[in-house]
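K.L.:
Once you've looked at the hints, dock chain B against the given chain A.
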Amino acid sequence: MQFHKTTFFYGKYSKMATIAFCCIAGSINPCAAQKPAATPAFLKQTFRADAEKRTFAELTVLLREKFRVSIMTDGEPKRENATLEFDGNLKTALDKIADAFDYTWTTKSGIVLMNKRFKSKGEQPQVNLPEMRQMTKEIVDVFRSVPFNTDPKQWPLMLQNLAQSFTPEQAQMLLDGQTLQGSQLAAPQLNLLTQAIYTATFAQPLPIWETLFFQLEGVPNSYLLAKVRSEQSESDVPQPPFDLFYMTRDKNGKARSETLAFSFAPKEEKP
Amino acid sequence: MKFSRILTGQNLLLLMLPACLLLPVTVLAQDKAKSQVAERLQTKVSVTLGTVTLPAVLDTLSKQTGLTIEAEPFLRERKVVIQLDGVTARTALDALAELHDWTWRDMDANRVLIMRRRVRLPAEAAALPRRIQSIIPKDIRTFLEISLPSDDLRRYVSPIPTFDRIDAKDRVSQRTFALVGEARNLLAASLKPENLDGEPIRWKALSASQKERLLTSVVFAALWHTSFDLLHSDLPPYAANPASASLQVEGGTTLHIRTIVNDGKTRSTMGFGTQVNILGGTEVKP
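Just so you know, the sequences run in chain order A and B.
Everything in the first sequence is counted per this note's numbering, starting at 112 for the first residue and increasing by one.
Everything in the second sequence is counted per this note's numbering, starting at 416 for the first residue and increasing by one.
Here chain A stands alone, though its shape is the one from the complex (with noise of 0.2 Å):
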């Protein structure tokens, strides 16, 4: 018998649903019952400097030097100095210091700690190459220990199947628009609506951080390539624009070709 079918997701996080979640949140919210953290000593200090083009790490020198200031900080600033004026307390001042290097700041044990923020343009993350292999494995064995169908095409046939296995009474239940609760399911048929929820929620995402495990994995070996967007030209010396590829390997050891960019053209370095 031939059977048209579509599949869909639909309001997972819709505006309605969030109306009514947002009703029971605001009856628990956990913050309200927080106070306020006391400020410590040593940032009611109080601090007077001239404004002066300082660098990051300039700052944390001083701060050091005057206050004997503990500081860490989460990665290097993109901007590289900031023209800063202090007539206040310690306080305010790594309010302004954080605010002008997009930093958020707290204390822990008498150190201040630093943290990025993000959100001055240019601003990332750090991206170390050991670090990401390491993120990337574990979030792929965390996925793989579910049980669940890897081939995303496969949960609307579990959900045909399902429908298949439903008892007469079952059937006429639906069909006369009520409802009926996994919890009311036989033992297989249970088993097989969670097969088919299990891979209606994990299976797509599962092979994009495969494709990153392997991808990290084999970073040494890989390579850009550039090729020639216009096969036109009679010149010997490849011209612009370019298309750039990052060629890898996959899972089955395949050549995988990713596009970064489209149409380029190399800047000329200035003489």
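Be careful, since some hints might not be right.
With a straight-line Cα cutoff of 25 Å, these simulated DSS-like cross-link-like pairs (lysine-lysine) come out [stated by the list, open to error]:
id	chain 1	residue 1	chain 2	residue 2
1	B	478	B	449
2	A	230	B	607
3	A	219	B	553
4	A	219	A	164
5	A	230	B	478
6	A	232	B	449
7	B	494	A	207
8	B	619	A	232
9	A	207	B	553
10	B	626	A	362
11	B	459	A	248
12	B	553	A	189
13	B	494	A	164
14	B	619	A	338
15	B	584	B	607
16	A	189	B	626
17	B	584	A	232
18	A	248	B	553
19	B	626	A	219
20	A	338	B	584
21	A	230	B	459
22	A	248	B	449
23	B	494	A	189
24	A	362	A	248
25	B	626	A	338
Simulated from the structure, these hints should not be mistaken for lab results.
P.N.:
Chain B in isolation, oriented as in the chain A frame:
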């Protein structure tokens, strides 16, 4: 001679005696080593380094404490700016761990290891999103606006989206997409004309900034393609607990798997569905 004959009660006692005598000595030695590490962690340290990678910081701390302080190999390219003035090594390690959401442990004789928090594999699918979110480094989580509520609060707040989520979804998506685009454009723009001769440009021939842009491009493309909900919340109720899912048929042929939210005033649904052929003729055996 049979083995059972050798193992008479008397022989067994003789065999066990050295082990019994050595055990307290071993425990004492371990205790002594632990207290030595604890003592050395009370050393006041001062570090005046600009922007450095983690091993440079740990080398300085190691020299000042007499301990061997290391980080897991995959963390060793992390950059930090650090200025420490007369704080204990223990305080410094705690702060370093807090800065990155890491932890540290004294492993054995005089050795301290800084490590990322271990993420256990989920025992059930419902735990999968939070496990994935925990694996992502703290700065990337901040970039993607992923918040990790504490264990106590998680069961109350995590499945509940707020109005901010709708804006955040667009904002994070645009920011991630822009980062990928910028990394690719800068990478392409950084290639020299003489390199564009149709020959492969090998990874090892790329500069440090080109490598960073390439990695940024592929890693954040994966994050961009991953569902916002998977990275920012728990599973929807129907997926967290399939027994709670509501099955409904609309139009006689469309089977919906959903969670119905009904607060008395508004009714909304979340879920998925497909067209099926409902026969209802097959007997299901329990």
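K.L.:
Would you mind marking each hint as holding or not holding in the structure?
P.N.:
Hints, verified against the model:
With a C-alpha separation of about 19 Å, the suggested pairing of residue 478/B with residue 449/B holds against the 25 Å cut-off. Our distance criterion of 25 Å between C-alpha atoms is broken by residue 230/A and residue 607/B, whose separation comes to about 31 Å. For the suggested pair residue 219/A and residue 553/B, the alpha carbons sit about 17 Å apart, so the restraint of at most 25 Å is met. Proximity of residue 219/A to residue 164/A is assessed by CA-CA distance (about 29 Å); at most 25 Å being required, the pair is judged violated.
For the given pair, residue 230/A sits about 37 Å from residue 478/B by alpha-carbon distance, which is inconsistent with the 25 Å threshold. Taken as a hint, the residue 232/A and residue 449/B pair is broken in the structure, with Cα atoms around 47 Å apart against an allowance of 25 Å. Under the criterion of a C-alpha separation no larger than 25 Å, the hint pairing residue 494/B with residue 207/A is consistent with the structure, at around 23 Å. Distance check on the hinted pair: residue 619/B and residue 232/A sit about 29 Å apart at the alpha-carbon level, beyond 25 Å; violated.
Of the pairs offered as hints, the one joining residue 207/A and residue 553/B holds, with about 23 Å between alpha carbons and a cut-off of 25 Å not exceeded. This hinted pair checks out: residue 626/B and residue 362/A have alpha carbons roughly 22 Å apart, not beyond 25 Å. Under the criterion of a C-alpha separation no larger than 25 Å, the hint pairing residue 459/B with residue 248/A is inconsistent with the structure, at around 38 Å. About 18 Å separates the Cα atoms of residue 553/B and residue 189/A, which keeps this hinted pair within 25 Å; it holds.
Distance check on the hinted pair: residue 494/B and residue 164/A sit about 24 Å apart at the alpha-carbon level, within 25 Å; holds. Pair hint residue 619/B plus residue 338/A holds up; C-alpha atoms about 20 Å apart against a cutoff of 25 Å. The hinted pair formed by residue 584/B and residue 607/B fails the criterion: a straight-line CA distance of about 37 Å is larger than 25 Å. About 17 Å separates the Cα atoms of residue 189/A and residue 626/B, which keeps this hinted pair within 25 Å; it holds.
Between the alpha carbons of residue 584/B and residue 232/A the distance comes to roughly 18 Å, so the proposed pair stays at or under 25 Å and holds. The straight-line distance between the Cα atoms of residue 248/A and residue 553/B is roughly 17 Å, inside the 25 Å bound, and the hint therefore holds. Of the pairs offered as hints, the one joining residue 626/B and residue 219/A is violated, with about 34 Å between alpha carbons and a cut-off of 25 Å exceeded. With a C-alpha separation of about 36 Å, the suggested pair residue 338/A and residue 584/B falls outside the 25 Å cut-off, and the hint is violated.
Only pairs whose Cα atoms come within 25 Å are accepted, and residue 230/A paired with residue 459/B is rejected, the gap being roughly 36 Å. Restraint check for residue 248/A and residue 449/B: not satisfied, since their Cα atoms lie roughly 33 Å apart, outside the 25 Å limit. Only pairs whose Cα atoms come within 25 Å are accepted, and residue 494/B paired with residue 189/A is accepted, the gap being roughly 13 Å. A hinted pair counts as satisfied when its Cα atoms are at most 25 Å apart, and residue 362/A with residue 248/A qualifies at roughly 13 Å.
Simply put, residue 626/B and residue 338/A have alpha-carbon atoms about 20 Å apart, close enough for the 25 Å limit, and the pair holds.
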